Every structure is written in structure tokens, then in C-alpha cells.
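Engineer: Work out the full structure, taking the sequences as your base and the hints as a guide.
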Amino acid sequence: VGPQASTGFQQDQATGAFSIRGSGDIAPAVGGPMGDGQAVERTLVGTFAGLVVVIVLGTLFITTEYRRGLIRTTLIASQGRGRVLAAKAVVAAAVAFTTGAVAAAVAIPLCVHMLKANGNVLYPVGLLTELRLVVGTGALLAVAAVLALAAGTILRRSAGAVTIVVAVIVLPYILASASVLPAGPSEWLLRLTPAAGFAIQQSLRAFTQVDSQYTPSFGYFPLSPWAGLAVMCGWAALALGLAAYLLRRRDA
Amino acid sequence: MRLALHAEWTKLRTQPGMAALLIGAVVLTVRLSTGVAATATTASASDPAKLALTGVYLGQVVVGGPVRTGDRRRVQHRPDPHHPGGDAARDA
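For the record, the sequence lines run as chains L and V. Taking the working numbering, the leading residue of the first sequence gets 1, the next gets one more, and so forth. Taking the working numbering, the leading residue of the second sequence gets 1, the next gets one more, and so forth.
No wet-lab data here; the hints were simulated from the structure. Predicted, not measured: the structure shown is a model, and the values here were computed from it. Cβ coordinates follow ideal geometry from the N, Cα and C atoms, glycine included. One should not assume that every hint holds.
Said to hold, decoys possible - Here are the computed distance ranges between Cβ atoms for each label pair: (1) Arg-249(L) - His-6(V): 21 to 29 Å; (2) Gly-17(V) - Gln-213(L): 39 to 47 Å; (3) Ala-230(L) - Pro-16(V): 35 to 43 Å; (4) Trp-188(L) - Gln-15(V): 33 to 41 Å; (5) Gly-17(V) - Leu-127(L): 34 to 42 Å; (6) Leu-127(L) - Ala-19(V): 30 to 38 Å; (7) Thr-39(V) - Gly-80(L): 30 to 38 Å; (8) Thr-39(V) - Asp-211(L): 26 to 34 Å; (9) Arg-68(L) - Ala-19(V): 17 to 25 Å; (10) Pro-16(V) - Arg-157(L): 16 to 24 Å.
Structural biologist: Given below as C-alpha cells:
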């Protein structure tokens with residue numbers, strides 16, 4: 001296209017022929033302000049509901065023992081207090097993983113079907129990515145359950161522990177993704193807080209040759225999916241370590 | 001470790017309402033997702049944050065439920081010697 005080319009609809013005076021000019025990119029479709037498709041992870045919005053149930057379950061798993069004094073029986077009956085906590089973490093994580101993976105495995109195909117039936121365009125994802133979303137949602141809930149169990153052990157109070165865990169997982173995610181904060185601070189929140197784990201649900205891809213806003217408010221996380229989950233795992237491990245230390249030190 | 005695992009698994013499994021809670025969690029997650037998917041059109045795609053927030057309201061309701069149930073089991077209405085009128089008198 002020459003420099004004198006103008007876009008639009010023109011009629012040549014001499015011949016009466018019509019010509020249409022335009023310009024565009026030949027590039028992969030990406031999310032962002034110009035994107036008009038739906039990302040597959042939009043079908044996992046419901047994760048919030050499952051997440052909260054799992055956080056409550058993980059917390060109550062230990063706090064009810066403190067409430068009713070069962071913790072004394074538990075600690076007497078078992079060898080090693082760390083072992084009790086480890087066993088609880090394994091059971092809570094397994095139950096939460098199953099819940100999340102089953103929910104995602106049902107929600108994704110169902111919602112994709114609904115979105116397509118309503119005339120939405122979905123950004124294409126591979127089978128492996130879809131599998132990662134299912135397994136990742138389970139893993140997200142499993143790590144959240146362990147974090148909740150640890151918080152419950154540290155605080156020994158249900159309400160406080162549930163509030164704190166919801167606040168450290170859900171709140172940074174909302175602040176970052178709901179355009180409350182500018183892109184810079186949003187990205188730091190999703191790098192440093194446990195909310196980084198939501199990156200495992202990102203199916204949108206960023207392409208260097210396509211100019212777009214690859215920011216959290218458009219569904220782009222600063223960390224890669226598994227790195228984000230690793231940050232969340234780090235927090236859970238830290239909390240579980242502190243919980244194990246306190247459980248050994250304190251009287252039941 | 002196997003014994004501890006077995007013990008904790010038994011505790012969780014025999015908790016009344018545990019299966020219902022987990023099935024409820026799956027149903028709620030799927031219902032919320034399908035609800036959002038059903039309303040999503042290409043026009044509303046520009047505001048994913050607002051859609052993402054829908055889950056939180058429902059989530060807050062879910063938080064309230066189990067925590068309240070847990071508390072209620074513990075609360076035993078014992079007459080308070082300093083406030084014979086009970087909760088109402090103390091709150092006022």
C-alpha cells in the first residue's frame with residue numbers, strides 16, 4: 001500500500017469503478033481492550049464459590065477439634081504432633097483437589113457449550129491447556145485448603161482464620177483484576193500474594209508481535225501459570241511450617 | 001503416618017453433612033459459572049472484572065453459613081450472674 005493510500009470507500013471518476021481500501025494485522029487474536037472473544041477461564045468464575053467452601057472446610061478441620069477438646073485426644077493417640085498436621089493437610093488437600101477438579105471438569109465443557117450457543121467467540125485452547133485448567137483448579141483449591149488448615153492451627157479460631165485466608169487469596173485478586181489498582185501495583189499483588197495461584201487458570205496467550213494491554217484486568221497474569229501456583233504453594237508451606245512449630249510448642 | 005492419615009480421613013468422612021457440603025461446593029461452582037456464561041455476550045466481554053466479582057457475593061453467603069453452624073454448636077446458654085437479663089440485657 002503506497003503512502004498516498006487512504007482507507008475507505010472510493011469511486012473512480014473516470015471509470016465509475018468502486019474501490020475499497022483498508023488495513024489490518026494478520027496475527028493471532030489476543031485478549032485485551034480490542035479482543036472480542038471469550039477466554040476459556042471465564043467458565044471458571046465459579047471457582048470462587050468452591051474456594052470459599054474449601055477454605056471454611058480446611059479451617060474447621062482443625063478448629064472444631066480445639067473447640068470441643070478433641071485435639072487433646074488426637075495428640076495423645078498419635079505419635080508426633082507434626083504427623084497429625086501432615087495427615088490433616090494430606091486429607092484436606094485430597095478432598096479439595098477432587099472437589100475443584102470435578103467442578104472444573106463439569107463447568108468447562110458445559111459453559112463453553114453455552115457460550116458458543118449464545119454466539120460468543122472463544123479463543124482457541126489446546127487439550128493440554130484445558131487439562132491444565134481442570135487440574136490447576138483442583139490444585140488451587142487444594143493449596144487453599146492447606147493454607148486454611150495452617151491458619152486455623154495458628155489462630156485456633158474459625159472466624160478469624162477464614163477471614164484472613166479469604167482476605168489473602170480473594171482480596172488481592174479482586175484488587176488486581178477489577179481495575180481497582182493501576183496495572184503496576186496489580187501485577188505486584190499477583191506476584192507476591194497467594195492470589196498469584198489464580199495464574200494457573202489463565203488460558204489467554206500473549207504474543208510479542210501483537211500489541212495489546214497484557215494486564216491483570218484483561219486476564220493476563222504477570223507470572224506463568226505454574227510459577228504463580230508455586231508462589232501460592234510457597235505461602236502454604238510457610239504457613240504450615242509455622243503451624244507445625246506452634247503446634248509443637250503450645251499446650252493443646 | 002498411615003495410621004494418622006486413616007484417622008484424619010475417618011474424622012472428615014464421618015463428619016455429618018460433609019458429603020453434602022462437597023457436592024454443594026461442586027454444584028455451586030458449576031451453577032455460578034454457567035450463570036455467568038449464560039449472561040455473557042460479546043458486548044459484555046469488555047468488563048470481565050464485574051463478572052468476576054459476581055462469585056464473591058455468593059461466596060460471602062457461603063462463608064456465613066458454615067461458620068454460623070459451627071458457632072452454634074458451641075454456644076450454651078448459661079445464665080450470666082452479672083447480667084441476669086441474658087444476652088438482650090448485655091447487648092443493651
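Engineer: Against the structure, test the hints numbered earlier, and report the numbers of the ones violated in rising order.
Structural biologist: Violated: hint 7 alone.
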